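Hints in hand, dock the two standalone chains.
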Amino acid sequence: MALDYLSKIPWFRQAEIVPPEDIEAASLRSDRFRLEREVDWQRLERIVTALEKGRPKRISDDDLLDLPVLYRKAASSLAVARETSLDAATIAYLEALVRRAWFQIYGPRDTLSGWLRGFLGGGWSQAVRAIWLDICIALFFMVAGTVVGWLLVSREPDWFYALVPGAMSNGREPGADAEVLRQSLEPTTSADGLSVFATYLFSNNTGVAILAFALGFAFGIPTMLLLISNMALLGAMLFVFVEAGLGVEFVAWLSVHGTTELGAILLAGAAGIHVGRAMAFPGQRTILAALQAAGLRAAQVMAGVTIMLVVAGLLEGFVRQLVGDSSARLAIGGAMLAFWCLYFAGMRRRQERAG
Amino acid sequence: MTTLQSAIQNNNAKRERELITPEGLALPLRIASRGSRAGALLLDLLFLFLGFLLFAVALGMIGLNLSSVSGLSKTPVGELIGIVFILALFFSRYGYFLYFELGARGATPGKRLLGIRVAARGGQRLTTEMVIARNLMRDVEVFLPAFFMLGNGFDAGLTGAAAFVWLATFVLFPFCNRDALRAGDLVAGTFVVEANRAKLQHAISLAPDHSQTYRFGEAELSVYGEHELQVLEGVLRTGDEKALREVAEAICRKIGWDMGSGDEREFLNTFYAALRAHLESGMRFGKRKKDKHS
Numbered sequence: 014m015a016l017d018y019l020s021k022i023p024w025f026r027q028a029e030i031v032p033p034e035d036i037e038a039a040s041l042r043s044d045r046f047r048l049e050r051e052v053d054w055q056r057l058e059r060i061v062t063a064l065e066k067g068r069p070k071r072i073s074d075d076d077l078l079d080l081p082v083l084y085r086k087a088a089s090s091l092a093v094a095r096e097t098s099l100d101a102a103t104i105a106y107l108e109a110l111v112r113r114a115w116f117q118i119y120g121p122r123d124t125l126s127g128w129l130r131g132f133l134g135g136g137w138s139q140a141v142r143a144i145w146l147d148i149c150i151a152l153f154f155m156v157a158g159t160v161v162g163w164l165l166v167s168r169e170p171d172w173f174y175a176l177v178p179g180a181m182s183n184g185r186e187p188g189a190d191a192e193v194l195r196q197s198l199e200p201t202t203s204a205d206g207l208s209v210f211a212t213y214l215f216s217n218n219t220g221v222a223i224l225a226f227a228l229g230f231a232f233g234i235p236t237m238l239l240l241i242s243n244m245a246l247l248g249a250m251l252f253v254f255v256e257a258g259l260g261v262e263f264v265a266w267l268s269v270h271g272t273t274e275l276g277a278i279l280l281a282g283a284a285g286i287h288v289g290r291a292m293a294f295p296g297q298r299t300i301l302a303a304l305q306a307a308g309l310r311a312a313q314v315m316a317g318v319t320i321m322l323v324v325a326g327l328l329e330g331f332v333r334q335l336v337g338d339s340s341a342r343l344a345i346g347g348a349m350l351a352f353w354c355l356y357f358a359g360m361r362r363r364q365e366r367a368g
Numbered sequence: 004m005t006t007l008q009s010a011i012q013n014n015n016a017k018r019e020r021e022l023i024t025p026e027g028l029a030l031p032l033r034i035a036s037r038g039s040r041a042g043a044l045l046l047d048l049l050f051l052f053l054g055f056l057l058f059a060v061a062l063g064m065i066g067l068n069l070s071s072v073s074g075l076s077k078t079p080v081g082e083l084i085g086i087v088f089i090l091a092l093f094f095s096r097y098g099y100f101l102y103f104e105l106g107a108r109g110a111t112p113g114k115r116l117l118g119i120r121v122a123a124r125g126g127q128r129l130t131t132e133m134v135i136a137r138n139l140m141r142d143v144e145v146f147l148p149a150f151f152m153l154g155n156g157f158d159a160g161l162t163g164a165a166a167f168v169w170l171a172t173f174v175l176f177p178f179c180n181r182d183a184l185r186a187g188d189l190v191a192g193t194f195v196v197e198a199n200r201a202k203l204q205h206a207i208s209l210a211p212d213h214s215q216t217y218r219f220g221e222a223e224l225s226v227y228g229e230h231e232l233q234v235l236e237g238v239l240r241t242g243d244e245k246a247l248r249e250v251a252e253a254i255c256r257k258i259g260w261d262m263g264s265g266d267e268r269e270f271l272n273t274f275y276a277a278l279r280a281h282l283e284s285g286m287r288f289g290k291r292k293k294d295k296h297s
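If you read the sequences in order, they're chains G and E.
Every letter in the first sequence is one number past the one before it in our numbering, and letter 124, counting from 1, is 137.
Every letter in the second sequence is one number past the one before it in our numbering, and letter 103, counting from 1, is 106.
Looking at chain E on its own, in the form it has when it is part of the complex (with noise of 0.2 Å):
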């Protein structure tokens, strides 16, 4: 294994959390990682600047203008409309990210492209309030650091300087705790966590049956372990043919087997399933074998 392999293992590693159920079962989470929480923000806040130019747009088709907001207001009507959008500039920076993450999916539409969802942190139930917290949080951290740099704040001198590192440390807070946490969620009580959906695989060991003619023996079973069995797996269900024959071969040099080429599909497949079962009757008695080596 590469050193790049081994080190993304062990950092995903490190974000491998456990969700305990009501039921007591426990699900493992992970957190999501802080790029695709960086990630995730970016897209929300493209989506939102996208909204406001199609609104924008859309009042200049009706014939509003809004750049002569000054000519605009000297009409009721036109004060009207110009008190509207603000407002709506002003709850769209709450509103947004709360009615999404209040949804099913406790995701915006950034998130969810990226997979992530909000959870409470502890296996409590995520509420409304638990939201709003963190989301209120977001303008400390988002809002204000970005304002702060387009206003020119370090033109403010030793004030300007100190406002700067105090929303250093709010940008910075997520690099510095194990959960990348960001001060919102440390004060809601939520995190962020990988919300990926599986599809049901289909069955490999109830490929055609070819036990008759393969028969593995104690032996040549009690080689490999679960690691190996599940690698196994892999390559079966990716069905790269040149990987099916180098596992195949490999397979056959530990055994001590003599097996010629084009069939390796079905050897493998049986091999699979006949590992599986003796691993499996093992787990019964209450045996585990992790890997070869054990």
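In isolation and in its complexed conformation, chain G is listed as follows (with noise of 0.2 Å):
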């Protein structure tokens, strides 16, 4: 052990474990069944405290091999003191104990980082498979708010005003000069990435992303109702630049970004949704139950669409204002589109692919 020197200087040793001189000369019978074990107890409370340190380095070979059996002994001490003992102080200290390595030995088994790799790996991606009809039903409902949008404005373009924030239309309005509106699509050639980067990340993206998710709480209709009005902001600005004649440009400068952004936000609502449709039909379960499987598989979705969403805030803040050819625009967005979707169907954890 690297800590071996440590144990030579009297601050850093560990005070030894002293076993009861005259266990024969206690005159109850709980008091001799209490001496004969506390040494075990002990043994255990220091493996215990260990772990919960997270220093497992510290517990010795033997220690370690033991523990198990030190547990089962401390628990049985415990059933055995509760029937036979009166001693509250000892129950008390048996319950916190074994409490404690309850915990320790029941616990998470995985790092932050192991988990990473498994959910990268697959865990991820089998948890979007799994919510595939939710899947479906947000993409109508976000197909369907797109749709709203253009004919709500091609009907009326005073509605254009209602569906898109002043701030947001910054001079892109129906009857605008198709110039202006090209301006608004070419690359920057200041770089100021990093403000664009970080206004859109966190003001639009990944709020709306969150929002969609946790509005699923109220059986999912919030979600649904989000994703159209966001779909119908989508869907008028679109309908703007088609009628200049820039749909292609609109299209391809969207689609560097948009493919994953909207990605994230159609998995994030899907995620909601799922929540939502546990608690509206949650089958033979009972509602708790269904709800929390819902919400486990909805989290690991959800982990994944905050990092679809950094990946697609990089992509505005900079492929996007450096790459100005639509044609590339295009094919970027094409590939990270391909990307997730080859991702989603086809990463397969270990097990999966082998059974």
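Bear in mind the hints are in silico, worked out from the structure with no lab data behind them.
One should not assume that every hint holds.
Claimed, not checked - Quick partial rundown of chain E residues pointing at chain G, CB under 7 Å, derived from the structure:
#1 105
#2 131
#3 135
#4 141
#5 204
#6 228
#7 230
#8 233
#9 234
Only a predicted model underlies this, so the values are computations on that prediction, with no experimental measurement involved.
C-beta atoms are modelled at their ideal positions from N, C-alpha and C, and glycine is treated no differently.
Below, the structure is given as structure tokens:
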């Protein structure tokens, strides 16, 4: 052990567990019971304390091998003590000790990095495939929202101002000069990527995605409304650009980050709908059990959504501002879309592949 | 007992739960109070805030000024640092809670200081997914309402009011159920429990034997039950002289003894050992005496 030299300094030396001397002299049977076993209890306590402090290296090999036995001994001591001893302090000690040991022995098995590896290596795509129905529902509402936005603005241009907040339109409005619109699609010459990155990543994408998930809590209905209203905005914007004859350019401009970002919002909405659907139709299970199962699956999807949003933010902040050519933009967007689709469909865990 | 005391006891009893281990042993668990959970959250937010303050000061030391981010972003290096900073901000929101709750203690530093931890409901193993699920929901329950308040969400009129009601539902969620679950706990299947540690106390009944000085008969020992024994144990462990004297007097009155002063501790120790022996031998035959009234 690397820390061996430390034990030579008195300060770092672990106090020896001294076995009680005169067990036979104890007049009470319950006290003899306690004195015979307290060395084991203290050994278990020392191991558990080391585990709690995250220093498993401090535990000697003997202790580690004995851990399951010591745990079971303490648990059985507690069961016996409850029926034979009236020493409240000892029982309280045993209860706290067994509870602490239980949390260590039956605690989370994975570290964050270990979990991340399993997550990227199949756990995420598996969760996404598991909510395919909800993805279809969310996709339907997103497409419906876009169509609604388009139709509304094409009938009555005033709808545009109702759908798009003034600050966001930034001169991009119905009947605007095609040249102004084209300008807004151009890559910027100065490298103010950071501010763009920051504003968009935090005020727009993340907010919408997390809201879409969290709103699923009310049977998923607010999620659907949110998806529709957000996509109506897109539909309205699309109409404006198509009307000005810039349809392809706009789609190319959007696709660079949009395939990733809209994919993330789609997954977040689907996760929200999944939770909401479990609440509304729990099936044979209780609502709580159904909610929990759905929540755990949705949480995995959402953890991945945050990753997608970071990627989308990077694409939006840098790639889109640097690449100006429409066909190159379309190629990047298409490649991202293909990558995500392939990843979700194809990434399988090792056991899954074997089975 | 005063009303306050009984109210506290009543409240504590309401929070008691049982955990059945795979060995079939029932372990008592107590749900953490809402106050300590709110306190733990505030502490954690304080720690996060202090961490960023330190980070910003450290950056300032090496000659970077965050307040001039717009100027900073003109240079590629500055831009990179800015992005790293924003990403750090973003991940600390999730990472801090995730990292600590996945650790061996199942508690963030704030929770640990207040002696509470996360556990899975129903005696299951706490899994990584559970911790992630409960912390993703934290965003809606803590950060969104905070941003909403800070960002003047009320100005938005009817939408703002609707959002306020919606967010309030999440914030007030823990007050609407028995286990003080917040929405994240409900979705993840977790709850927050007290995680106290106890020290092994010395065995009082091993004190020097005075059973020759004080002999208690069947009549004297059958006056009290287990509850009184435990009160006596508490008094002996605290060791407050005044309380010892009062208790000794009360016992003497009850069993009709007349005892001089000065020897209370020995008397009580002996009485404790004798009473425990008496009650425990009854226990072995399946006879339990809960308190003096039974």
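Handout entry: Index of numbered hints that the structure contradicts, given in increasing order
Key = 4, 6, 7 and 9
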